[in-house]
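Chemist: Work out the full structure: start from the sequences and follow the hints.
The lines below spell out each chain.
Protein chains: 2
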Amino acid sequence: MKQEILRHYNLLLGSKSPRRQELLKALGLHYSLVEIDVEEVYPSHLQGADIARYLCELKADAYNSEHMPADSILVTADTIVWLDGKYIGKPAGRAEAIEMLTQLSGKQHSVYSGICLKSSTRKVVFHSHTLVTFRELGLDEIEYYVSHHKPYDKAGSYGIQDWIGYIGVTGIEGCYYNVMGFPVQLFYEQLTRFIAGSNEE
Amino acid sequence: MKQEILRHYNLLLGSKSPRRQELLKALGLHYSLVEIDVEEVYPSHLQGADIARYLCELKADAYNSEHMPADSILVTADTIVWLDGKYIGKPAGRAEAIEMLTQLSGKQHSVYSGICLKSSTRKVVFHSHTLVTFRELGLDEIEYYVSHHKPYDKAGSYGIQDWIGYIGVTGIEGCYYNVMGFPVQLFYEQLTRFIAGSNEE
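So the sequence lines, in the order shown, correspond to chains A and B.
Those letters in the first sequence? Residues 1 to 201, by our numbering.
Those letters in the second sequence? Residues 1 to 201, by our numbering.
Mixed in with the good hints there might be a few duds.
Claimed, not checked - What follows is a list of derived Cβ distance ranges for each label pair: (1) A:Leu139 / B:His30: 34 to 40 Å; (2) A:Gln47 / B:Ala95: 49 to 55 Å; (3) B:His45 / A:Lys150: 37 to 43 Å.
Said to hold, decoys possible - Below 25 Å or equal to it, Euclidean Cα-Cα: the simulated BS3-like pairs (lysine-lysine) are: (4) B:Lys150 / A:Lys25; (5) A:Lys107 / A:Lys90; (6) A:Lys150 / A:Lys86; (7) A:Lys150 / B:Lys25.
What the hints assert, rightly or not - Quick look at which bits of chain A chain B covers, simulated, 3 or more residues with Cβ under 8 Å: (8) 29-43; (9) 87-96; (10) 183-194.
No lab work stands behind these hints, which were simulated from the structure alone.
Yeah, the Cβ is synthetic: ideal placement off N, Cα and C, and Gly gets one too.
Modeler: Written out as structure tokens, the structure is:
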């Protein structure tokens, strides 16, 4: 079965996100971490999904995959929040985190994760889109969350799997794990096709 | 703030589900477990949400809340899967689990959780609805999942937070935690209103 075939491959995960590592583990796949250092800058004309797609590919291209073994696949990802036609990344600190959550309060926003799979000879990029709706959040709730959870490594300053997600998110449309930063179902499907060679660009 | 007020109450959870206990804990609320023994039978004319609402109220009414302290609130819940106008409960064993997942494969179904809050003097019932879409699942995937995860305590024979959810669920519409059996955001909102006395029937 697929599951067995996938286990023969070694995934190289170019991401520091503990959520992505957890989800890869939960799929039962082998992986190791690789360090990728690149400034996350994108052309200003890009919008929504294209930003996430661009940034994950930028990370993949910053990794020298020339001498990768045939059974290795590099996995890079980028997750962004998109609100009212505006990019929302990670907050620089407490004040910006509070400001971001205040902007998201009472509104629906989009979460896009771009994922790039790259071997020594091939590369594919795909993305997932989820709509997330927050009820009106109280400033006390926002401040409580930011103080206790310090969401500085998270796009949009929140984790849907954190307290603020439990009490504030009224519903989503799309993949839940995409909001956590890694759309596992789509990843699994695309990885299977990548190995079979059927999703080339 | 709300969070502080809620901590003064002691919730009595009438559910054996470890997922519900986890989610209550994650909200930072105090609770203790109470045993409720009742045969889960509902009138055959009920459909969808009304079945979950009926069953959680049945559980609540089976608990003697007459001498409950004023700071205690009984919480009961029932989660059902509803596919093509048909009730799907928990599987009796391996064969039924495989059959249920085969039915859910490649289709969209509804998950309804009914929740009942009850004090010595008041009672409210509410519910959450989430649409869940499975891609076509292979029989090998279904059998692998049932063998490794034994989802016999789960409505519809699956946990969205299990391997089958990762690889099989293409998307949802509504609350993710409702699919786990406990719609935390709605619960938190209704609990706050219950304590304030503003959601009486």
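Chemist: Against each hint, give a clear statement of whether it holds in the structure.
Modeler: For each hint, the structure was consulted:
1. Taking the beta carbon of each, A:Leu139 and B:His30 are about 25 Å apart, not inside 34 to 40 Å as hinted.
2. For A:Gln47 and B:Ala95, the Cβ-Cβ distance of about 50 Å falls inside the hinted range of 49 to 55 Å, so the restraint holds.
3. Range check, B:His45 to A:Lys150: Cβ separation about 52 Å, and the 37 to 43 Å hint is violated.
4. Distance check on the hinted pair: B:Lys150 and A:Lys25 sit about 20 Å apart at the alpha-carbon level, within 25 Å; holds.
5. For the hint pairing A:Lys107 with A:Lys90, the CA-to-CA distance comes to about 18 Å; that is within 25 Å, so the pair holds.
6. Of the pairs offered as hints, the one joining A:Lys150 and A:Lys86 holds, with about 23 Å between alpha carbons and a cut-off of 25 Å not exceeded.
7. Note on A:Lys150 and B:Lys25: the hinted pairing holds, with a Cα-Cα distance of about 20 Å set against a maximum of 25 Å.
8. With 0 residues having a Cβ less than 8 Å from any Cβ of chain B, the segment 29-43 of chain A misses the three-residue criterion, and the hint is violated.
9. Given a C-beta distance limit of less than 8 Å, the hint that chain B covers the segment 87-96 of chain A is violated, as 0 residues qualify and 3 are needed.
10. Residue count for the segment 183-194 of chain A with a Cβ under 8 Å from a Cβ of chain B: 5. That meets the three needed, and the coverage hint holds.
When held up to the earlier numbered hints, the structure conflicts with 1, 3, 8, 9 and fits the remainder.
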